[in-house]
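A.B. asks: Given these sequences and hints, build the entire structure.
2 protein chains.
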Amino acid sequence: MATGKPATIYDVAARANLSIATVSRVLQGTGPVSEKARVKVGQAAAELNYVPLRAARSLAVQRHEAHGLVLPDLSGPFYGDLLMGYERWAGEHGQSVVLTVTQGNADPRRSVRDLAGRVDGIVVHGNALDLPTIQELRKAGVALVLVAHPPVTGCDSVRTESASSSERLTTRLLDTGRKNLVFVGDPISSYDVSERYAGFAKAHESRGSAVPEPLCVPLTEESGKRVAKEILATGNRPGGLVCANDELALAALTTLRAGGIAVPEDVVVTGWDDVMAARYVSPGLTTVRQPMAELGQLAAQRLHERVTGERTRARNDVLATEIVLRDSCGTSGAMQQ
Amino acid sequence: MATGKPATIYDVAARANLSIATVSRVLQGTGPVSEKARVKVGQAAAELNYVPLRAARSLAVQRHEAHGLVLPDLSGPFYGDLLMGYERWAGEHGQSVVLTVTQGNADPRRSVRDLAGRVDGIVVHGNALDLPTIQELRKAGVALVLVAHPPVTGCDSVRTESASSSERLTTRLLDTGRKNLVFVGDPISSYDVSERYAGFAKAHESRGSAVPEPLCVPLTEESGKRVAKEILATGNRPGGLVCANDELALAALTTLRAGGIAVPEDVVVTGWDDVMAARYVSPGLTTVRQPMAELGQLAAQRLHERVTGERTRARNDVLATEIVLRDSCGTSGAMQQ
DNA sequence: ACCTCCAGTGGAAGCGCTTACAGTTTCCGT
DNA sequence: ACGGAAACTGTAAGCGCTTCCACTGGAGGT
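Protein sequence lines correspond, in order, to chains B and R.
Sequential numbering of the first sequence, starting at 0, is according to numbering that gives the first Met the number 0.
Sequential numbering of the second sequence, starting at 0, is according to numbering that gives the first Met the number 0.
Any given hint could be a false lead.
Said to hold, decoys possible - Covered stretches of chain B (chain R as the covering partner; in silico rule of three or more C-beta atoms under 8 Å from a C-beta of chain R):
no., stretch
1, 78-86
2, 89-97
3, 107-113
4, 271-285
Since the hints were made in silico from the structure, they are not lab data.
Idealized CB from N, CA, C, for every residue including glycine.
C.D. replies: Here it is, written out as structure tokens:
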């Protein structure tokens with residue numbers, strides 16, 4: 000009862016005095032089976048602790064009933080929520096999720112190729128893989144959905160709206176009289192960030208102001224701190240920091256205050272993502288919230304449509320974001336979005 | 000070149016004018032092959048965009064080269080870091096990770112059984128599955144590693160130390176003259192929390208004080224807020240709140256301050272997990288940091304040892320935690336740990 | 001010149017499951 | 001009572017890969 004080789008469908012069939020075909024039919028609920036057979040198989044399977052080998056089924060039905068998910072990273076609540084949304088949808092639709100993280104992966108290309116061999120399709124986050132690798136997957140005929148990545152021919156894509164909310168946010172800051180805004184974060188580093196900078200730039204252009212160059216730094220607390228220290232050291236004080244994410248913004252905000260600069264009175268600060276700390280820092284951090292769980296869920300759904308062939312035309316979805324006004328940007332009163 | 004049925008090992012063999020046996024040997028690097036064959040196979044595979052079907056290999060070698068990971072949830076940085084550590088180790092050792100989240104899963108039992116059919120072994124977080132389900136897996140002969148779960152015969156387990164750090168932390172609060180400490184969080188809800196309460200209790204016993212009953216609430220910001228409001232409303236003010244996690248602590252801390260109670264002067268507050276917000280709230284939140292990434296990595300390693308059979312005796316590992324002193328507990332000066 | 005050895009290769013069996021097809025029973029309507 | 005459909009069950013052929021075994025031919029020893 001305990002160990003030995005795990006039971007196969009043959010063992011179950013033998014124990015139930017039936018053929019493996021009938022056992023399969025009972026277990027999968029396909030085809031007609033007598034009540035008696037159903038019961039006998041159920042008993043036998045339970046007694047033997049039978050667990051069907053999915054590899055054998057996959058081979059036979061030419062389908063894995065699994066999705067691959069390729070993410071750059073998992074630190075922060077950001078990807079966790081995405082993954083959560085994904086997993087949930089997948090689970091509800093009987094799909095397993097095989098995860099691959101590229102951050103710190105010696106050979107992502109290889110990992111992803113291997114992944115392709117065990118799933119029906121793959122969802123790739125834009126920051127996780129370079130374009131050549133993505134193209135390679137496409138050529139291999141893998142069903143592909145891109146997240147936070149500019150559309151690629153033949154692939155679906157899902158992302159959150161960035162440029163427009165960034166523009167609105169920036170405009171608001173300019174409207175309240177802030178001059179010399181600085182965009183903090185490297186637009187090259189990811190598609191999302193480039194969009195955020197684009198919105199920032201557009202807001203300046205719309206009112207005929209010169210567009211400030213971005214301050215190209217990594218999106219980490221460390222850089223946020225460094226940027227703030229730089230400001231404190233030079234005394235060259237901008238009117239506001241539009242940061243590409245909350246880590247940058249939080250670190251900058253607290254470092255500035257520690258250095259005697261008042262936020263929002265002297266300098267306003269905004270972030271992106273609405274992490275938990277944005278609510279707890281004081282002043283509260285103005286930021287932009289993205290529907291990460293929905294994004295994940297939508298990605299799963301789009302991939303599934305592709306895999307099942309219920310849709311063949313590519314789709315590019317954009318999910319709305321929400322500006323969260325808090326005290327770090329000065330007046331956080333009503334603003335028509 | 001584009002689509003049609005995906006290429007199989009037969010296609011590659013035909014194109015390279017070799018047998019599938021040789022192709023397999025080249026691709027897997029097993030057995031002797033001539034340089035010429037190696038090159039021909041490489042070319043053919045590349046031209047056909049050949050991706051080996053893992054299901055077929057799994058079936059043949061009787062091994063999935065994949066781990067199952069069952070987590071209760073993914074919100075917060077907590078499980079993300081665990082998962083990250085896990086994924087990293089697994090990736091480095093050629094193991095895929097199949098993820099299952101039980102939170103909001105209609106039939107976790109079924110999901111996990113299905114999972115068992117596609118991996119070589121499973122790591123289960125204690126809060127994700129109930130004991131009967133775990134036992135059932137064991138009976139089915141699944142290699143099992145438990146995370147943050149009391150040891151079960153025949154399974155490995157890994158967890159972080161809780162009781163002792165909780166005791167030290169509580170003792171410190173008592174030493175600084177705080178009376179009427181309250182433990183916030185339900186010890187029943189998880190093994191970790193029960194240990195934290197046990198340490199809290201032990202600290203009281205050691206000095207002959209009565210052990211306060213725990214305040215049994217869910218580990219959410221919402222409950223933290225409610226607890227604080229209750230205190231504000233009744234005026235029945237404890238000397239300190241020892242919270243089972245940071246969400247509780249952060250919400251309680253800010254709600255108390257908003258209500259005019261000084262932290263740490265009137266009431267001290269501590270949490271658990273050291274989330275990012277703990278550094279940004281003021282006063283900084285005293286908390287306990289757990290090495291989540293290492294925990295994940297260790298779990299992966301233990302499971303792999305089990306799967307490969309390189310170890311058969313069960314192991315129970317406990318990882319050290321670190322008390323992080325910040326202002327919310329009053330004097331955050333040096334403390335010999 | 002012969003035999004031995006081995007690097008290199010191919011043939012074929014088999015991993016555990018699904019499913020088309022064919023066979024057997026059962027249960028009607030007449 | 002009988003024909004035939006419907007309900008059920010079994011047989012066997014794969015799915016794509018690995019690997020045991022047998023086979024070939026050339027290198028090296030005598």
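A.B. asks: Indicate, hint by hint, whether the structure satisfies it.
C.D. replies: Checked hints:
1. 78-86: It holds, with 6 qualifying residues against the three required.
2. 89-97: That given contact holds, which follows from 5 residues of the stretch 89-97 of chain B lying within Cβ reach (below 8 Å) of chain R.
3. 107-113: holds (count 3)
4. 271-285: Contact hint for the stretch 271-285 of chain B vs chain R: holds, 7 residues under 8 Å.
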